[in-house]
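From first to last, the protein sequence lines are chains A and B.
Note that the working numbering gives residue 108 to position 90 of the first sequence, counting from 1, and the numbers run on in steps of one.
Note that the working numbering gives residue 213 to position 202 of the second sequence, counting from 1, and the numbers run on in steps of one.
Just to be clear, a hint being listed does not mean it is correct.
Stated by the list, open to error - Keeping only pairs whose Cα atoms sit at most 25 Å apart, straight-line, the calculated DSS-like set for lysine-lysine is:
hint	chain 1	residue 1	chain 2	residue 2
1	B	K328	B	K352
2	B	K88	B	K15
3	B	K227	B	K271
4	B	K352	A	K76
5	A	K72	B	K352
6	B	K215	B	K230
7	B	K368	B	K357
8	B	K352	A	K74
9	B	K29	B	K227
Unchecked claim - Every beta carbon over 10 Å from chain B, so not counted as near; a handful from chain A, in silico:
hint	residue
10	D112
11	G119
12	A144
Claimed, not checked - Partial list, derived from the structure: chain B residues whose beta carbon lies under 7 Å from chain A:
hint	residue
13	S44
14	Q45
15	I46
16	V301
17	F322
Note that these hints are calculated values from the structure, not bench results.
Beta carbons are placed, not taken as given, at the ideal position from N, Cα and C, and that holds for glycine.
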Amino acid sequence: MSNPVNIPGNLKFTSSHEWVKTEADGTVSIGITQHAQELLGDMVFVETPEVGRKLKAKEECAVVESVKAAADIYAPVNGVVTAVNSELDSTPEDINADPYGSWMFRMKPDNPADVAALMDAKAYQAVVDSEAH
Amino acid sequence: MSLKQTPLNAAHRVLNAKMGDFGGWDMPVNYGSQIDEHHQVRKDCGMFDVSHMRVVDVRGAGVRSFLRYLLANNVDKLTFSGKALYSCMLLENGGVIDDLIVYFMNEHWFRIVVNAGTADKDIAWMKQQAAKHLPQLDITDHPELAMIAVQGPSARAKVWEALPGSRESTEKLASFSAVEMGTMFIARTGYTGEDGFEIMIPAKEAASLWATLAEKGVKPIGLGARDTLRLEAGMNLYGQDMDESINPLEAGLAWTVDLKSERNFIGKAALLSNPPTRKLVGLMLLDRGVLRGHQQVVTAHGAGEITSGSFSPTLEKSIALARVPKNVQIGDSVQVEIREKLLNAKVVKYPFARNGKGLI
Chain A
19 MSNPVNIPGN LKFTSSHEWV KTEADGTVSI GITQHAQELL GDMVFVETPE VGRKLKAKEE
79 CAVVESVKAA ADIYAPVNGV VTAVNSELDS TPEDINADPY GSWMFRMKPD NPADVAALMD
139 AKAYQAVVDS EAH
Chain B
12 MSLKQTPLNA AHRVLNAKMG DFGGWDMPVN YGSQIDEHHQ VRKDCGMFDV SHMRVVDVRG
72 AGVRSFLRYL LANNVDKLTF SGKALYSCML LENGGVIDDL IVYFMNEHWF RIVVNAGTAD
132 KDIAWMKQQA AKHLPQLDIT DHPELAMIAV QGPSARAKVW EALPGSREST EKLASFSAVE
192 MGTMFIARTG YTGEDGFEIM IPAKEAASLW ATLAEKGVKP IGLGARDTLR LEAGMNLYGQ
252 DMDESINPLE AGLAWTVDLK SERNFIGKAA LLSNPPTRKL VGLMLLDRGV LRGHQQVVTA
312 HGAGEITSGS FSPTLEKSIA LARVPKNVQI GDSVQVEIRE KLLNAKVVKY PFARNGKGLI
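Required output: the full structure, derived from the provided sequences and hints.
Written as structure tokens, this is what we have:
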């Protein structure tokens, strides 16, 4: 079916296909997975949340649009937006070329344990596999 | 319900195409990057599997007079064998049953190509009308015919390389006309705003033609790029820009409806008694975002709605077709509601791009 999906082991994942990376300062970077970018196709637009916005887990907070369709991005955990990657405004195609290098926004989680409780690479792989059938 | 497959389905899968449902058919959306495929067609050429479209032959004495009544455009414009005409087929109330291309071959044979998703209802309608007016006509569809569109500035040259004898047969072929060559029916038509051919070919020969074209360097293009190409070219898509609830005068298709001649046709009375209150216009988004079908348009003359919208790879901006109140003019500033925000857009003349170039 689809190409082999590369899922980095050091990241956490959501069932809505966001990846979550814990940074050295305790914030988390959020982007969309290889599988998600492949499903959506060529990216042409990214809308990021405002810095300072308080988010609840599973709240719609950003949007990516490909030529084909728009997709909502959900907050992986409760927390506050601390930074956005505005470079993607002019180069949304970076998400296709390097999905795990293209973070969209960063959050300071209210509770780091919420991040630890997210899916690991193996669990996320199972989600991807189940969608292939 | 399982999806229907064209004779090229295996070829698409070998190329690892992303597949999707188009009118009940399992068709390639793209073979990698839709945007790259789009540029490939505008700048060079590419080939599309459009075998899901249906060929319908109408044969018998009086076929021209039947089509004069059946179709909103006037088949009397077809004056030489092979000449093609774009037309809508209307309900009595003026709603569009389908849009199609009709080819005049001879006074006993016209060929019609209709959309995949509407083919069965189109044929049923044609037969129902024929039964009332000219029951001896033979209306036969040809699901056994595949269709490959080769489109782009170098499309004709590539087809000539791939198909021996095709140069002699088609070099003088005028735009929007067709010729038979052996088992093939080659039309200089398309749905991209570029030059090229649509080749109808028996299903069992289709994979071989596809492979030969690929050997000559013709790249496969998915139906995703076909949609952005046709939108840039300002060509309507049935089911989005018009359907049975919309008449052609409100779908930017007045140029295809002949209301001047004495000729009567199905839907004419309704069109004459219901002057249009809306029209189709082009939009270009000025703010960041992507225009999509069904987004609401706010104008100084009332509300409108986007019928088709996407990102234009040629213009690198978002563009759309929208149905708006008839007093909206080219150059007007309007707003489009996207995710509960009002974004600024401009009303523009379309087509947006054709023949390799952006026009805006």
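Tested hints:
1. B:K328 to B:K352: holds, 18 Å
2. B:K88 to B:K15: violated, 36 Å
3. B:K227 to B:K271: violated, 47 Å
4. B:K352 to A:K76: holds, 21 Å
5. A:K72 to B:K352: holds, 20 Å
6. B:K215 to B:K230: holds, 21 Å
7. B:K368 to B:K357: Status holds; Cα separation ~20 Å.
8. B:K352 to A:K74: holds, 22 Å
9. B:K29 to B:K227: holds, 23 Å
10. D112: Nearest chain B Cβ is 14 Å from D112 of chain A, so the label holds.
11. G119: The assertion about G119 of chain A holds, with a minimum of 18 Å to chain B.
12. A144: Non-interface label on A144 of chain A holds, nearest chain B Cβ at 22 Å vs cutoff 10 Å.
13. S44: holds, 5 Å
14. Q45: With a closest approach of 5 Å, the Q45 of chain B hint holds.
15. I46: holds, 4 Å
16. V301: It holds, given that the least Cβ distance between V301 of chain B and chain A is near 4 Å, below 7 Å.
17. F322: holds, 4 Å
Taken one by one, the earlier hints fail for this structure at numbers 2, 3, listed in ascending order.
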